[in-house]
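> Read top to bottom, the protein sequences are chains A and B.
Take 23 as the starting number for the first sequence in my numbering and just add one per residue.
Take 174 as the starting number for the second sequence in my numbering and just add one per residue.
To be clear, the hints were calculated from the coordinates, so they are not data collected in a lab.
Wrong hints could be hidden among the right ones.
Stated by the list, open to error - Just so you have them, the derived chain B footprint on chain A, three or more residues with Cβ under 8 angstroms:
#, stretch
1, 72-84
2, 171-178
To be verified - With the C-beta cut set under 7 angstroms, the calculated list includes, among others, these residues of chain B facing chain A:
#, residue
3, Leu654
4, Gly655
5, Ser698
6, Glu700
7, Val712
Said to hold, decoys possible - Derived contacts from chain A toward chain B, CB cut-off under 8 angstroms, selection only:
#, residue
8, His66
9, Val68
10, Pro69
11, Thr87
12, Glu116
13, Phe118
Fair warning: this is a prediction, and the values are worked out from it, not measured in the lab.
Where a beta carbon is used, it is the ideal one built from N, C-alpha and C, also for glycine.
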Amino acid sequence: MTGATEMRTAADGTVSICSLRVGTGLFGIDTRQIREVLKTAPPHRVPLAPAYIAGVVPYRGEVLTTVSFRALLGLNLWNGANCVLVFDDEQNEERFGLIVDGVSGLIALQPSALEANPSGLDARSMALFDGAYKLHPGLMVHLDPQRLRPSRLAESGLFANESGPIGR
Amino acid sequence: MVRRSEPDKGKVEDLTKEFIAESQEGLERMELCLTELERRPDDGELVAEIFRAVHTMKGTTGFLGFGRLEKLAHAGEGLLGDLRDGKLAVTTELIGGLLRLIDGLRAILQSIETVGTEGERFEEDDRELIALLAGMKLGKLVANGVSASQNRVVGQPAVASQAATAASSSIHNKTLRIDVEVLNRVMNLVGDLVLTRNQILRCSPGAENFPMLARRLDSVTADLRESVMQARMQPVGHLFRKFPRMVRDLAITCGRQVRIEFEGQETGLDKSLLEAIRDPLTHAVRNAVDHGIEPPEERVKAGKPAQGVVRMRAFQQSGYVVIDVIDDGAGISTGSVLAKAMERGLLTPEQAASMGQREALQLIFVAGFSTAKQVTSVSGRGMGMDVVRTNVEKVGGSVELESHVGLGTTVRMRIPLTLAIVPALVVQSGGESFALPQNSLVELAYVTQHEAKQMVERMGTTVLYRLREGLLPLVWLDRLLGLEQSANAKKHDFYIAVVESEGRRFGLVVDDLKAPEEIVVKPLSAELREIGVFTGATVLGNGTLALILDVAATGARAGVRQATEAVTALGAGRIEAMTAPIETDIAMVIYEIEKHGLAKGGNGEQMAIPLSAVERIECVPLSEIEYARGRAVLQYRGELIPLQDEGEVLRELSAKGCSATATVLICLLPEGQGARRVGMVVRRVLDVSAGRLLAADATVCEQQLAMVNDRVKTVHREFAPWVDGPPAAVLREVA
Numbered sequence: 023m024t025g026a027t028e029m030r031t032a033a034d035g036t037v038s039i040c041s042l043r044v045g046t047g048l049f050g051i052d053t054r055q056i057r058e059v060l061k062t063a064p065p066h067r068v069p070l071a072p073a074y075i076a077g078v079v080p081y082r083g084e085v086l087t088t089v090s091f092r093a094l095l096g097l098n099l100w101n102g103a104n105c106v107l108v109f110d111d112e113q114n115e116e117r118f119g120l121i122v123d124g125v126s127g128l129i130a131l132q133p134s135a136l137e138a139n140p141s142g143l144d145a146r147s148m149a150l151f152d153g154a155y156k157l158h159p160g161l162m163v164h165l166d167p168q169r170l171r172p173s174r175l176a177e178s179g180l181f182a183n184e185s186g187p188i189g190r
Numbered sequence: 174m175v176r177r178s179e180p181d182k183g184k185v186e187d188l189t190k191e192f193i194a195e196s197q198e199g200l201e202r203m204e205l206c207l208t209e210l211e212r213r214p215d216d217g218e219l220v221a222e223i224f225r226a227v228h229t230m231k232g233t234t235g236f237l238g239f240g241r242l243e244k245l246a247h248a249g250e251g252l253l254g255d256l257r258d259g260k261l262a263v264t265t266e267l268i269g270g271l272l273r274l275i276d277g278l279r280a281i282l283q284s285i286e287t288v289g290t291e292g293e294r295f296e297e298d299d300r301e302l303i304a305l306l307a308g309m310k311l312g313k314l315v316a317n318g319v320s321a322s323q324n325r326v327v328g329q330p331a332v333a334s335q336a337a338t339a340a341s342s343s344i345h346n347k348t349l350r351i352d353v354e355v356l357n358r359v360m361n362l363v364g365d366l367v368l369t370r371n372q373i374l375r376c377s378p379g380a381e382n383f384p385m386l387a388r389r390l391d392s393v394t395a396d397l398r399e400s401v402m403q404a405r406m407q408p409v410g411h412l413f414r415k416f417p418r419m420v421r422d423l424a425i426t427c428g429r430q431v432r433i434e435f436e437g438q439e440t441g442l443d444k445s446l447l448e449a450i451r452d453p454l455t456h457a458v459r460n461a462v463d464h465g466i467e468p469p470e471e472r473v474k475a476g477k478p479a480q481g482v483v484r485m486r487a488f489q490q491s492g493y494v495v496i497d498v499i500d501d502g503a504g505i506s507t508g509s510v511l512a513k514a515m516e517r518g519l520l521t522p523e524q525a526a527s528m529g530q531r532e533a534l535q536l537i538f539v540a541g542f543s544t545a546k547q548v549t550s551v552s553g554r555g556m557g558m559d560v561v562r563t564n565v566e567k568v569g570g571s572v573e574l575e576s577h578v579g580l581g582t583t584v585r586m587r588i589p590l591t592l593a594i595v596p597a598l599v600v601q602s603g604g605e606s607f608a609l610p611q612n613s614l615v616e617l618a619y620v621t622q623h624e625a626k627q628m629v630e631r632m633g634t635t636v637l638y639r640l641r642e643g644l645l646p647l648v649w650l651d652r653l654l655g656l657e658q659s660a661n662a663k664k665h666d667f668y669i670a671v672v673e674s675e676g677r678r679f680g681l682v683v684d685d686l687k688a689p690e691e692i693v694v695k696p697l698s699a700e701l702r703e704i705g706v707f708t709g710a711t712v713l714g715n716g717t718l719a720l721i722l723d724v725a726a727t728g729a730r731a732g733v734r735q736a737t738e739a740v741t742a743l744g745a746g747r748i749e750a751m752t753a754p755i756e757t758d759i760a761m762v763i764y765e766i767e768k769h770g771l772a773k774g775g776n777g778e779q780m781a782i783p784l785s786a787v788e789r790i791e792c793v794p795l796s797e798i799e800y801a802r803g804r805a806v807l808q809y810r811g812e813l814i815p816l817q818d819e820g821e822v823l824r825e826l827s828a829k830g831c832s833a834t835a836t837v838l839i840c841l842l843p844e845g846q847g848a849r850r851v852g853m854v855v856r857r858v859l860d861v862s863a864g865r866l867l868a869a870d871a872t873v874c875e876q877q878l879a880m881v882n883d884r885v886k887t888v889h890r891e892f893a894p895w896v897d898g899p900p901a902a903v904l905r906e907v908a
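Chain B on its own, in the form it takes in the complex (with noise of 0.2 angstroms):
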C-alpha cells in the first residue's frame, strides 16, 4: 500500500479530529439506515443517504491522505452506488457485507485515533473485504471466499460492535453540537450579568435599588443556570442508535427474529448521564435478547409472532428521565431465580418458599446472578444486572425489575437528569456538615438516650440497631471519620439515617439532622478523593461549605458487608424475623389528629396506618396548600392529590399565620379505590412500631382496632383492607 509522506502536525492533527468525529457520526449514521434498509428494502431515501456518508468520507480520507479508508470507502461506494441504481437487490448477504464494511472503516479510524496511522496489520483483511464488496458487486454470490467471509460475519459481530462502542467513547465523546441558538441566548445572559455586575459594584450599601438589582440577578442566573443545562441536553436517541445493529447482530448469533422499537428518542439527558449509562443499557439489550426473546419455534408454539419485539421508550418524569427496556419475551419465572438462588446457596429453601414475587425478582440483581440455562458468547457469564444496577446507582438513579412469565420483561432505568444537581439532606456529626444524597436515604429515627439502651446492642464488634422486625448494623459517622465527639456523645439522643447503597444497608448515626437542600456537586481534588468517602463537596444556603458522604463506601470502610454476603450469613436471621411474624405483626405509622385532651378530657385519640401505605411523610408549608371547591389539595410530585384533614387541623393552622407547616402523610389507597395517592393532615406523627391488629368486634366499635406497644389504636378505615398486606399490585406501585 502506498503511504503518502507524513501530513505537517499541528493543522493536519486538527483537521484529522475533526474528520474522525466527523465519520464515526456518519458511521453510526450509515449503521441504524443499514439496519433500517433491511427491513424497508425498498426505500430509496436511506440508499441514497448511505451513499451520501461514505461519498463524503472518501473525499476527506482522499484529502488527508488515508490511502486504505479511501480504497475501502471506494468499494462501498461503488457497490452502494449499484444499489443506489436498482442494479442489487437488498439482501441479508449484502447488508452483512456493508455492515462489515463499517466495522472495517471504523477500526482503521480507530488506529488513526489511537496511533496516528492507519495501521498496516488488517491489510490482509482489507482485500478481502474489497474483494467481498466487489464480488457482490458483480452479484456473484458462489465464491467459496464469499461463504467463508459470510461466517465470519456472523461470527464476529459481537466483538466487532464491542470495538465499536470502544472506538466511540474517545474523541467523539470529547466533542459536543449545540444549537448556535442555545450558545446565542446564553451570551446574551452573560452579557446580562456583567450589567447586573456592575450596577452592583457601583452602588452604595442601602441603595434604593438594591433590592432590584438582587432579583435581577437571581433571575438572570437561574436563566442562564437553565441554558447551560440545555445546552447539555442530548436526545437519548444518540444513544439508541447503535442499537439496532447489535440488536441485529445478537440475534443472528442467538438464533432469534428480533425487532427493535423506540418510543421517544427526543427525550433529553445530560451529556455525561447519557455515557454513564451507555454500558447498563446495552447489558439491559442484549438481556432481553439472549435470555428474553425465545427462539422463533417456541415463540409460535406459545401462540406469539416469530419475530421478537425489544421496545426501548424514554419519557421525562418528574425530575428523572425513564428509560425502559422491554421485551415480549418468556419473562422471568419466580421459581427458576429461587431455585437458582437455593442453588447457589444464597437462600434456604424456608427463605425461599416465604418469598413473594417482587423479592425474588430483586435477586437478579445480586453479584454472580444468572438464570440462563446456558452460559453463551453474549451474555450469561453470571454478570448482568448487578452491573447494570451500579452503575446506574452511580449516578444517582434506580433500577427495578418487572416480568410476567409468557408475556416478557421489562427494566425500568430512573435517571437524574443531570448529575450536577442532587437534592441531599445535611446531617451533623462531630461538630460538621455532611451532605447525604437523597437516592440512598431509606428512613431516618430518631433515638432517646433512653431508647439506645434497649434498641442498641452488640454482636460481635458490630453494633447492632434493632428497627422494627430487623437487625440493622450501625456505623458511627464521627469514629468512623476520626473527628473530635463531643465529650458526652454517649448521654446525647441521636439520629440514624438508614441508608441503602450498592447492597450495602446500614444506620448512620449522626449527632442532627439540617434540613433537606438542592445540593451544587463540586468535584473535589484528586488527593481527597482517594480518601474514597466523599464524593465531592458542596457550598450550603448559608454559605459555609459540606462534604458529601459516598454511602456505598462509607458502609465498606466500616466494614458493613454486602448483601449478598449478609443474606447467608448474617441477614439469614433477618429475613426469618421479618417473614415470620408478619402473619401478625405488622409495621404502622402512629399519629394523632385531635388535639391533646380535646373533648375527651384524656389523651388524643392515637390513629395508625400500615407502613406499607405510607410512602412519604411531608412538612408542607401552609401556603402550598390549595383549595378546590372547599376541598383541600396539593400539588406533589407534578400530581394532583386531595387532603384529608380529618382534625381540622388546618383550620388551626391558617389561625396562626401561612408561615406555619402541616404535616402530611403521602399514602397509597387500597387498590379497590382505584390505587390513588391521598395526603393525610396529621396534628403529629408519633411514632413507627410493630403492632398487632386486634380482632373486629363489632361491639366496641365500627373501627379496625390494633395493638401497638400494649395501647390501643384506631386504624385508618381505608386502610383497614391493607391490614393483611397491600394486594401485589399495589406494592409494585409503592416501589
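Excised from the complex, chain A in its bound form (with noise of 0.2 angstroms):
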C-alpha cells in the first residue's frame, strides 16, 4: 500500500494524507511521517503523569509513550478500541505515540491546498493544528506531529492544567 501511495505522489504531486476520526472531528496526518500503525490494547497509564499522556504501550522491545489526542482537545475518555499511530522524531531521537479513534483512510492532496490556521483560533488550538483541507462533506484539520510530541507539549505549558492524578 505505502509503495503505491509513494508512487503516486511522485507522479501528481500530490501528497497522501491519513484521515483519522476522534470524537466527531476529521483529522489528517502525512502518511510518510507516520511510521506504523498499531491496534493494541488499551496503554498502560501512568501514575502522576501529565493529563495528555495516555500511558505507555510495548513496541518493539521499547516502551512508548502515548500521547491521548482525545485529552488534548478536551474531550472525553473512551472505551472502545482504538489506534495507536507511532511517529519518530528524527532529531531528537524521541519516538511516541499518538492514540486515536481510529483511521479511516488514505486521501490524495494537492500540498497547496492547505489552508493555514486562521487568526481567530484559541491558543491551544493553534498549538495543535496545523492548518486544514477544504474537503467537501467539512474540513479536514491537518496535524503535524512534531507539534505533538510530549516535550513539546510540555514545554508549551498550556496543557499542564489538567495535569494530575488520574481518577480523582
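Put the complex together from the two separate chains, hints included.
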C-alpha cells in the first residue's frame, strides 16, 4: 500500500494523507510521517503523569509513551478500541505514539490546498493544529506530529493545568 | 606557535575522534607502565612500550596537524629514547616529569575534544614542560626551573588526575572494542533468528512442528541475549588502570608509602556499570590511602612494613561482581566513630553505649560523617562514604565495610552483573501492577483487618506500624500515586512491603503481592522520568506492562526522612526500643512441622527459631530438591545445603506429585558448627514476633522453651545457643 501511495505522490505532486477520527472531528496526517499504525490493547496508564499522556505501550522491545489526542482536545476519554500512530522524531530520537479513535483511510491531496490556521483560533488549537484541507463534507484539520511531541506539549505549558493524579 | 590551516570538516572530524579515543587509551597505558617502571626500573620492555605509545602519538599528531601535541610528544620521545638506550636512569623525578608530560598531552586532547582546537592558553606551560624534559635528557637536574616544576608535580597531581577523569569520560566511553568473534556469533544468531521467524510465519496455526519451532526460538533468544551481554562485558582491569597513578600521586601528597596490588582484573562487568562505579571506587581508594594507611614512621612503630598496601580484588559471586578495596592501615576504631557521632549530635551517649561494632561502623555511611582528624585536600571534606553508598545503590549494588583496628579496612562493593535485568517483586495497588526491585526489599508483612486496628497508629500526620520492636512509617501506594482506591479499601487485609533505600526505611502498603520475577528494565521517555517515582517499565510474564518503582524517590515524595535525620528526631525512640528490651525479648520465626492434630490430639507443636538465624524463607518446588545418600539437599545460590525434614513434610508432599512446593527456612547455624547454612523444611511459617525465653528447666523437657505471644514454643535445639544473640562473627557473615 505504501509503495503505491509513494508512486502516486511522485506522479502528480499530491501527498497522501491518512485521515483519522477523533470524537466527531476529522483529522489528517501526512502518511510519510507515520512510522506504523498499531491496534493494541489500551495503553498502560502512568500515575501522576500529565493528563495528555495516555500511558505506555510495548513497542519493538521498547516502552513507547503515548499521547491521548482526546485529552488534548478536552474530550472525554473513551473506552472503545483505538489506534496508536507511531511517530519518529529524527532530530531528537524521540519516538512517541498518538492515540486516536480510528483510522479511516488514505486521501491524496495537493499540498497547496492546505489553508493556514485562521487568526481567531484559541491558543491551544493554534498549538495543536497545522491548518486544514477543505473537503466536501467538511474540514479536515491537518496535524503536524512534531507539534504533538510529549516534550513539546510539556514545554508549551498550555496543557499542564489538566495534569494531576488520575481518578480524582 | 604555527597553526596549520584548519582541516576540512567531516572526514577529518571522524579521524580526529578516532585519534582522541586511541590516544587516551595510549596515555592510560603509558601511565600504568610508568608507575610500574618506578617499581621495576630495570624492565626494558616497559620503557619500550611507553616509547612506542609516544612515538605513535607523535606520528598521528603530525599527520592531523596538531602542532602543540607534536612538539610535546617529540620532547617526550627524545627523553624516552635515551631511557631506552640506557643513557638515563629511572628516578622519581624522571617519572614525575613523564607523568606531567602525560597530563600535558591529556589537557590538549581534552581541548581538542571540547573546542576542536589545541588551544593556546597553556603554551607557557608547554614551553616550561619541554624545557624540563630537555633538562632531564641532558641529566642536568640542578636548574631552579626544575625544582620549581618539581614542586608543582607534587602539588598538582590531585587536580591533574581530576582533569584526566573528566577527559576520559567523554568520547572514550562512548566507544567499545568488541572481539570480532563475539560479533560474528551475534550475527550468526541473528541469521538463525531470521530463519526461525520465516518458518514460524509460514507454519499454519496448530502445525505439528510448532512446538519445535517455539523451542528453537527460545534457545536462539537465550543465546543471543547471552552473546550481547558478553559483548557489553568489560574486564574491571580497565577501571583499575588509572589507580596506580592516582595512588602514587596521593601517596606523595599525603606523605605515605603505598603500593597497589590487583587481583581478578579479568572479571567482566557490564560497560555501563563499570562507568557507574568509577567514582565510588575512586572515593574508596582515596580514603584507603589518605585515612587508612598510616604515615611510614607510625607503621614502623606498629611493627608493620613502612610501605602500606592497597589491594583491589574483583571476583564474581552468585550473580554479583564483588569488588574489595582492602588496605592494611590503621583500621577504623569504633570508639572514635561513636565519639564523632555524638559530637555531631547523631547519637546520645546512651545509644552509643548500646551500639555493637557493626552498627557503629555503619554510621560511616551517614551523610556528612568523616572521622578524619584533619581535612586534607584529598578527602575528608565530610563527604565520601555516603556518596559511595548512594552511587553504588543507584545501580542496584550494595556496600559493606569491615575494619579491624591496627589491621586495616575492607570496603566491599557488590555490583549486579547487568543493569538491564533485575530481580523484582510484582505488587498490586489500586488495580495496577508495579515492580519493586528486590534489592531494596527488606521484608514483607501481611496485616489482617483485625491487626490493622491494633498495630497501625497515627502520630501527627504520619501513620506508623508496630513492626516487632520498632515503629515503621507507612506509605499507601495507591494514595501516593492518586490511584482509585477500591471502595472498601479500609476493610481489606493488606500487605506491607518493608523497603529501604538511600537511608529511607518505610513500609509500602499494597493490596496484593504477585510473583517475584526477573524483569527486563525498559527506560521511560523524559516526560515520564520527570515524575520521578518510576525508574522504568517492564513487560511482565503475562504480556502486560508494569512500572518499576524508585523506592528512594517514593519515600522522599511521601515525606519519609532519611535515617540521619530520623536518628536525631523520630528514630531516637526507635533505637532505644530496639536495643533496650533485647536482653529479654528477641524476634523469633514461629513455624510448625507436625501435621495439625497429629498423634497428640491437639494443636501441632509450634517451633521457634531466632529471626537473626534465618536468612530467607523460600518456596522450593519439590523437583529442585535432590537426594544424596538418602539425605535431602538443595542447590541454593551456588551452594549445596543439607535440608532438615523433621516433620517428614517432604515425604508427604511427594505423595501429592512433584508440582508441590515445600517451605524452606534458609538458616545459618551458630559458629560452633562452622557457620554453615542449613535448610529447615517446615509445614508452614506462622508468624514472626517477639518472644521471651524461659529459664531452662530440665524437668519439663530437655528443650529450650520460649514464650511468644503468651504461648510456649520450642526453640529449635541447634539454634538454642543463639538466643543470647549470635556471635559477632556470624552476624557479619549474615550481613
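> Tell me the hint numbers this structure goes against, listed in increasing order.
Per hint list: zero violations.
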